[in-house]
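**Student:** Listed below, chain by chain, are the residues.
Number of protein chains: 10
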Amino acid sequence: MEQRVEDKYARRWDVDSYDTIATEVLEAIPFEYPGSKTDVVYTDPEFTSVCPWTGLPDFGTLTITYVPGDKLVELKSLKYYLNSFRNVGILQEHVVNRVKEDLVKLLNPVSLTVEAEFRPRGGISTYVRADYRRA
Amino acid sequence: MEQRVEDKYARRWDVDSYDTIATEVLEAIPFEYPGSKTDVVYTDPEFTSVCPWTGLPDFGTLTITYVPGDKLVELKSLKYYLNSFRNVGILQEHVVNRVKEDLVKLLNPVSLTVEAEFRPRGGISTYVRADYRRA
Amino acid sequence: MEQRVEDKYARRWDVDSYDTIATEVLEAIPFEYPGSKTDVVYTDPEFTSVCPWTGLPDFGTLTITYVPGDKLVELKSLKYYLNSFRNVGILQEHVVNRVKEDLVKLLNPVSLTVEAEFRPRGGISTYVRADYRRA
Amino acid sequence: MEQRVEDKYARRWDVDSYDTIATEVLEAIPFEYPGSKTDVVYTDPEFTSVCPWTGLPDFGTLTITYVPGDKLVELKSLKYYLNSFRNVGILQEHVVNRVKEDLVKLLNPVSLTVEAEFRPRGGISTYVRADYRRA
Amino acid sequence: MEQRVEDKYARRWDVDSYDTIATEVLEAIPFEYPGSKTDVVYTDPEFTSVCPWTGLPDFGTLTITYVPGDKLVELKSLKYYLNSFRNVGILQEHVVNRVKEDLVKLLNPVSLTVEAEFRPRGGISTYVRADYRRA
Amino acid sequence: MEQRVEDKYARRWDVDSYDTIATEVLEAIPFEYPGSKTDVVYTDPEFTSVCPWTGLPDFGTLTITYVPGDKLVELKSLKYYLNSFRNVGILQEHVVNRVKEDLVKLLNPVSLTVEAEFRPRGGISTYVRADYRRA
Amino acid sequence: MEQRVEDKYARRWDVDSYDTIATEVLEAIPFEYPGSKTDVVYTDPEFTSVCPWTGLPDFGTLTITYVPGDKLVELKSLKYYLNSFRNVGILQEHVVNRVKEDLVKLLNPVSLTVEAEFRPRGGISTYVRADYRRA
Amino acid sequence: MEQRVEDKYARRWDVDSYDTIATEVLEAIPFEYPGSKTDVVYTDPEFTSVCPWTGLPDFGTLTITYVPGDKLVELKSLKYYLNSFRNVGILQEHVVNRVKEDLVKLLNPVSLTVEAEFRPRGGISTYVRADYRRA
Amino acid sequence: MEQRVEDKYARRWDVDSYDTIATEVLEAIPFEYPGSKTDVVYTDPEFTSVCPWTGLPDFGTLTITYVPGDKLVELKSLKYYLNSFRNVGILQEHVVNRVKEDLVKLLNPVSLTVEAEFRPRGGISTYVRADYRRA
Amino acid sequence: MEQRVEDKYARRWDVDSYDTIATEVLEAIPFEYPGSKTDVVYTDPEFTSVCPWTGLPDFGTLTITYVPGDKLVELKSLKYYLNSFRNVGILQEHVVNRVKEDLVKLLNPVSLTVEAEFRPRGGISTYVRADYRRA
Ligand SMILES: [Ca+2]
Ligand SMILES: [Ca+2]
Ligand SMILES: [Ca+2]
Ligand SMILES: [Ca+2]
Ligand SMILES: [Ca+2]
Ligand SMILES: [Ca+2]
Ligand SMILES: [Ca+2]
Ligand SMILES: [Ca+2]
Ligand SMILES: [Ca+2]
Ligand SMILES: [Ca+2]
Ligand SMILES: [Ca+2]
Ligand SMILES: [Ca+2]
Ligand SMILES: [Ca+2]
Ligand SMILES: [Ca+2]
Ligand SMILES: [Ca+2]
Ligand SMILES: [Ca+2]
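Chains as they are written, first to last, in full-length UniProt numbering: chain A, 1 to 135; chain B, 1 to 135; chain C, 1 to 135; chain D, 1 to 135; chain E, 1 to 135; chain F, 1 to 135; chain G, 1 to 135; chain H, 1 to 135; chain I, 1 to 135; chain J, 1 to 135.
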């Protein structure tokens, strides 16, 4: 009986490929106090992407923490960049590493961390964190 | 300078029409205690649709409260139905009324309320609630 | 690819039938202030049963509120009774109505309400409440 | 094996009888605004008594709410009175009714409610409430 | 009188042996950023097993934190694995060490911690934590 | 000594007159479910105006609740309207009544409430609420 | 031994009489929307007076709620008035009734409530509320 | 007048001596993962003893944290041991040190900490912590 | 207009000098576990003194943390000592340093910290902390 | 259609230049315990400035933490200084660095940190922190 129910309701949603991640929309602006030890944190409680296998959405809070070198990320461009993951099929463990790589390339920061805290799936919630430190 | 910045970053995202709302996926199942005064509440903190003008997403908690007549909504079909709003361009005030109408048609409940509490836009958060009561 | 993954990981757990609900363990004790208007509430944040189709567990907080006539339920017997749902396959909407019926039969109370608030499944949490009032 | 463990650790603590409840220590003082509609609430988060069968302690928050007629209970005498339940063996459902009766006799209030919210035993917490209203 | 009550209500529930822990259902998947310093945390607030002596259930939040080497644990397989403790009789102190050993064997991680925070029994709650670090 | 300190630090800030309240920026849009009983609530935790005597700012959360007739207020126009109070000298008790009057004129709602909860001044916080109901 | 300790540490602090309550500092200002149904609430979490017997201080949150007729209380004068209770020896039950009487005389409001929630003494906290409604 | 009131209400409650602390009820059980770095924490929010001078009760949360050597404390025996302080007259500062010494003797742990956080007396709450580390 | 209002309502309250701080009431008692590493924390959420310039009260939570040498401060004497600041005119920054000096002189502790967290004035709250460590 | 809506509602508010930041109002007062290790923290949850491009306000909590050398900032002058940012067009990242520089110049502190936590814009909230330490 279980199988019949599953057959009846199971659906697969369309999934965008990595190509739709809008890395090109990211803009850097000059940091005017490069000699000042400064921490910057952006918190986006509205991050969402989709499961690459089922197309069902994941929701989480994504946090970016960095010590700028001489560049800041422009906030509106960051918003559009993060919004471009909306229909991309990507595993939660990959999201933070992809964002980390795109922002390190853009900003060449002293250090940068990307964290994501995803809402539960199957009763289990997942947190992932990736760190970068300039050598 | 403001204008230049706006031009540079402004983007418009694709928006699905109301046709993609998957009303047809909703399934009713029999309520086996129709003589028992019972309240049922489903809370979905992962509701999202998009602004019909900008394509930017709205996020909110959508709550459905009803006293069943002789039908319940099957939970997995409800999930798929709500997920189908993901890329639909629809105003927040319309969402709760659309969901209300689709569920009243499906279930013919004694009463039914749909509430949505959306995260702030421009610093202001919005809550909308629509009520139905069988005459 | 989705199908392959599902095939690989999908499991079905054993499910007990309704017969294993230990209604017979429930014990009533005399209420010594039957003339005193008294409300009694028991809250069990450790209620669990399983899905009748998949055998996967549901978890919730079950609350029983009643105005006694001349009987109270003995607390330890209530605990054993609720524990007997542990491996029973039963829908969330049925749980509160079943508990309501068993306790009304045992206690003949002035009024009695059973509520259950289940943890999210597919991102959606469910609350169900059934009320009884002596005619 | 279970039995052996139980034998090894089971203990029974001494239990005082109802005679040790210090009703006589309660003192009333005049309420100087008897014509003024006034509510008074005392909250004691340190109430404790013991189980009449095992001698193990119960802990709870006991709340007394009343509309005075022309008398108030003196607060320090109330504290000593409540403290006198410390080693008395009494069921949770009886505590609120006993306190209600002692205070109604002392104060002849317009109305009076005694509530108690006990910490969980066997995972289940209990709340009891008894109401009095002058005829 | 205490003894009589205990005799009347005492029950012993069936207990599964360690053999039913489904270690074999655990699946590893490749970690695609093995050079990236990454922390992964899974939080399962729905962990339950049973007391080996009484068969009564324990409930807790189990948390797994690790720095992957080149493998991740597949989330659905983890869920099934943890669910297989449901009726196993195992002490709380053993649970975290057993999970730790099974996952270290599966993943060969850089480091791994298993924590469990159990709901109170006899008024006392227990937290246990076991740490592994690759030599 | 007190006087000297006061003289030294006392300042008076410029205050705008009521004329700068941008009532004209408010826009109504049609409500497409006028037959549906609907509640709409906007919460602005960023409301600020200034004291008419000292020019020092007040900060508060302003909440607008209404049952629409056949018009809604456009959210962005509401934001600009509320922002226009920023440098206006107006007493807290007047703010809610002024907003109430402007919105009732714009929307002709079935009912409308404006609340404001201001942060403490001199240790005392103030809440004001004004209600309108169509005759 | 108890007695010796008490003797050693017991102190009695000076207590001001009711004469020092600065009723005369209260000022009313005109309410400019007397036809508008308006609620006004002032919350003072810094209220303090002293015990008439020991001179030890009581601390509480005092809340004044009223529907004005045609007068408001000026906020700074209210602050000075409440501050004048600082060293007055007055029972908690009397404070709310005294404030109620002074403000009703000043404002002739449609209705007025004074509440006070005092921090615990002897482990027990006290809440008192007095209501006035214009006949 | 103060003195008269004190005379009238002052009471002294019976106090047990240190002899009644049931150290002998404590039982150790073998720790089966002595090579595994493991932390164990027990939290008892129901700890109570009495003031040695007045006999009035103290209430607090007592927390025991340790890294076991090759022994664990049996939980039920710990509960009985802590319950035996119920009527013992002992200063708060002594409680944690006494428990520390009894458990160190029983368990010979790698390290052990006892903390207690007592509810306010005279408006002031007290926290005490004692640490042991095996040399 | 501002000036006129200020003239009308401005008041200055009496202020006690430093002489009224009751340092002499502080009592030390022996610490019976001087060889045990012990932390003691007292938290007083009812600290109040007055502004030396305006006589208006400040309210805060004062916390004392220390590692005793061979003396403890007697709790009731500490309460009386802190209460003696009630009408003393003293800056918030001076309070913690004065208390620190008085207690270091009394106790000769291994280390001692005094913190105070004052409620907002002019919208800004202040926290001050002073540390002592025996050389 | 989006463009038309934007045209209709878009507004640009006046923006003050950096010249209106009232650095000159800041006053230092002597710190009377320069040999005492002391931390001072001011928290202003009412900080506001405006976006240099749109004139729309930003709101945040600004926190200043420092170890004084021999000077403190006078609190009322700090309030006026922070209030002077009210209509200044300045980026969030610049605010903390500007405040840091002004206060370091005024106070020559041992160390000083300025943090600001801004409310969300476009769903993303920003935190910025700048640190100074005397060489
Ligand atoms: Ca986080
Ligand atoms: Ca979260
Ligand atoms: Ca809600
Ligand atoms: Ca809830
Ligand atoms: Ca509930
Ligand atoms: Ca309660
Ligand atoms: Ca945890
Ligand atoms: Ca803990
Ligand atoms: Ca509010
Ligand atoms: Ca209140
Ligand atoms: Ca309170
Ligand atoms: Ca209350
Ligand atoms: Ca604690
Ligand atoms: Ca603090
Ligand atoms: Ca903060
Ligand atoms: Ca923060």
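Hints were generated in silico from the structure; no laboratory data involved.
Keep in mind that the hints are not guaranteed to be accurate.
Unchecked claim - Within a straight-line C-alpha distance of at most 25 Å, the following computed DMTMM-like cross-link-like pairs (lysine to aspartate or glutamate) qualify:
1) B:K71 with C:E74
2) E:K71 with A:E32
3) B:K76 with A:E115
4) A:K37 with J:E101
5) C:K105 with D:E93
6) I:K71 with H:D131
7) F:K71 with F:E24
8) J:K37 with I:D39
9) D:K76 with G:D70
10) J:K37 with I:D131
**Student:** Evaluate each hint against the coordinates.
**Tutor:** Each hint, compared with the structure:
Among the hinted pairs, B:K71 with C:E74 is inconsistent with the structure: their alpha-carbon atoms are about 35 Å apart, more than 25 Å. Distance hint between E:K71 and A:E32 is unfulfilled; the C-alpha atoms sit about 42 Å from each other, more than 25 Å. For the proposed pair B:K76 and A:E115, the alpha carbon gap of about 30 Å is over 25 Å, so the pair is violated. Restraint check: the Cα-Cα separation between A:K37 and J:E101 comes to about 12 Å, which is no more than 25 Å; the hinted pair holds.
A hinted pair counts as satisfied when its Cα atoms are at most 25 Å apart, and C:K105 with D:E93 qualifies at roughly 21 Å. Our distance criterion of 25 Å between C-alpha atoms is met by I:K71 and H:D131, whose separation comes to about 18 Å. As the CA atoms of F:K71 and F:E24 are separated by approximately 16 Å, the hinted pair is consistent with the 25 Å bound. Only pairs whose Cα atoms come within 25 Å are accepted, and J:K37 paired with I:D39 is accepted, the gap being roughly 20 Å.
Between D:K76 and G:D70, the direct Cα distance comes to roughly 43 Å. Violation of the 25 Å bound is thereby established for this hinted pair. For the hint pairing J:K37 with I:D131, the CA-to-CA distance comes to about 6 Å; that is within 25 Å, so the pair holds.
Violated hints for the displayed structure, listed by number in ascending order: 1, 2, 3, 9.
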